[in-house]
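S.K.: Chains as they are written, first to last, in our numbering: chain S, 1 to 373; chain F, 374 to 789.
Please keep in mind that the hints were generated in silico from the structure rather than gathered at the bench.
Treat the numbers as computed from the prediction; the structure is a model and nothing was measured.
Please note that the accuracy of each hint is not assured.
Stated by the list, open to error - Lysine-lysine pairs mimicking DSBU-like chemistry, simulated, CA-CA at most 35 Å apart:
#1 K63/S <-> K600/F
#2 K510/F <-> K467/F
#3 K689/F <-> K583/F
#4 K63/S <-> K510/F
Chain by chain, the residues run as shown.
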Amino acid sequence: MNTSRRRVLFVDDEPRILEAICRMLRPQRQELDVVTSPGGDEALALLAQDPVDVVVSDMRMPKMDGAELLALVRQNHPRIVRIILSGQSDRDTIVRATRAAHQFLSKPCDPNELRTTIARSCALRDLLPDSAMQERVAALEALPSVPGALDAVRGELAGSASPDRLARLVANDPGLASKILQITSTSFFGTPRGILAPGEATRRLGGDVLRAMAAGGALPAHGARGLDHAAWAANAQRTAQVARAFAKAAEPALADAAEIAGLLHDCGVLALASTPGSTEATRRGHDGATSPVAAGAFLLALWGLPDSVVEAVACHRHPGAQPQRHPLLCSLVHAAHILAEDPAGMLDPAAIDPAVVPAQLEAWRRIAEGVAT
Amino acid sequence: MSEPCAQRTPDDPALLAAVLQALGSAVIVLDSSAQVVLWNAGAERLLEIPADLALGRMFGELPVGFDWEPVNARVPGLVPLRQVRIDEVHVTRKDGGQTILAFSVQPLVGGQDGCIWHGADVGERRSMESQLRQAQKMEAIGGLAAGIAHEINTPMQFIGDNTRFLSESFTALASALAGMRVLAERCDAVAVEQALRMHDLPYLLEESPKAIAQTLEGIERVSRIVKAMKEFSHPGIDEPVPTDLNHAIESTLTVSRNVWKYVADIELHLDASMPQVPVVPGGFNQAILNLVINAAHAIEDAHGRSNGSGAHPIAKGLITIRTRIACERAVVEVSDSGCGIPAAIRDRIFEPFFTTKEPGRGTGQGLAIVRTEIIERLGGRIEIDSEMGHGSTFRLLIPLHPMTEIIRRRRARSGA
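Whole structure, please, built from the sequences with the hints as guidance.
M.R.: Structure follows, in structure tokens:
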């Protein structure tokens, strides 16, 4: 039993918060071991002795603040899931936090939300069995943007800062889009939860937050190695478009989820291309041990994207391998992945939700043809 | 001295007269008895009295629309012995409009010879200053609200976690106790039951869950207010950004509850399918707040004022807020069941400093700010329906696609 028990470290300079969280998480004691530290130095000392699975840190603390602590955790223990729990609303502080943390929770945080986030973070490892790979992916601050994309955003921010143009620039770039969705996946910035359209999320954040992020280095620059980034991104955009079109025909409520899962379906390849020491073989998933598909799903789950999108990304190439809690979305993304490249391509029957009838598949092929031309 | 041809020298009386007439401000010369001896074109325009009517008459008896009180207080007798400044004289124009004049009054040599009144229209400047002060105040409140929110959120975090813990502990304790009672029945059931009653156990079992539930609800409510406070003030954003107007209206009502809750019920008909509308969030919230305050005051004027103690209950009025989309515009309506706006003043209510409220209840800037925020900053429109004794509706029409270029150009012009 104890081997599957996960350890979580909470760091806060207010002892009452730590005590209350321990009490509140007591019912989870079978699966969760909760430890606490009153500050950054103590936390680092504790981690050096005995590693944990998840660190949840306050932002504003004397001596070392939460962003500094998490940056050091990232350096020394990259595998640990890093979460900020803060009542801070000062923009520059928040921007620093977005660089160091995987996820953000705002105080006061609903006990259920805290429990769910912890449980989800603890379950992450199952998505990517290779622990060396976990380390490399979890250390990523962001996915690189396509060369030129960040400059275009900067130019727009310096000029008229049109919300529509900013939204389009972000929505078309997997690196920027995933970063924006990462920070809007919780209510940290006051944006409503559950937005899956990166363009919409960008509009909600507003030019001022983007400007602060750009100035604080929190928007990703380019930096993929050994990968034709532009061609890779063009494929991602096409898949996103096709997946959205399929969803509109099958279940319009899934359109945003299908589009983002389409845009990020292959993000594991980009993730591995931007971590040091990756080889062509690991990136293509040819060395047997690791799969870029799993790395992509792990990364998105780590950044707090919804389970449905994570599952669609995880299943788009080897769908039979995992239980499908979102069969239609998984089918849409698998089909988009194949048909965006070749409208006549072979679909994996095991990957298609039995509820999807052959006539629908034929319609999807025609839609894919229409998007391709 | 006896040159045949008049030189254009500073002493030339014709030149001086021309300068006096050309001045935009009012120049009035009084003799030692406060009789008007000079009244330039500026005085004719600002005080709306032609020179031929004014000359030779006592200044204090002219039908100028002055608020004489500050004037008499500063310059008794109207002819001072040393220079006096009167910064703010409120003037009601013949068309009913309001403005503010600032005067400097300078004695002529020795004071026995009378004095010069020099007056300028500072209404527009004062209005801008007042709006700027208001904006600075909002900015300061915004910063403060963010700080307070942070201060409140820390204790709220552990209050919430502890209460959740108590709630779950209590459930566990109660079931443990139920199990013990079953066991106790095998022993001396009566004695056990007596002991439990002595400690008021049935009541505790009944009431504790309710107390905890209500505490959780109260925590939820405090969190909501703190969040609304943060959202209402929106420090830092000074450009139109796509905004959920329905949500903004709800936040504004949450923070202003105290203004309207004793006076009116609020009915919301918010179109849930509204898209995001580009507004300056802080400014839009301020505009809605001002309309709600006015609506509450209009209802007070119609129904009478309650002192909030409940000792003299007064029938509550109704404020209705509607949102919808029509013709590429977001429509926001704030209606009240108040006293209505007299037709005679309907055109003037957006003028700065125009107010029908007694001092302390209104600054006369409320609707001027609504106009600045909606018309000038967003290129929108404001419509008013009002019926005396039945109430008023203020309708804000905000374009969904503002001419971004125009706004940008305006910003570039005023900013850089």
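S.K.: Indicate, hint by hint, whether the structure satisfies it.
M.R.: Hint-by-hint comparison with the structure:
no.	hint	in the structure
1	K63/S <-> K600/F	29 Å, holds
2	K510/F <-> K467/F	34 Å, holds
3	K689/F <-> K583/F	31 Å, holds
4	K63/S <-> K510/F	33 Å, holds
Taken one by one, the earlier hints all hold for this structure without exception.
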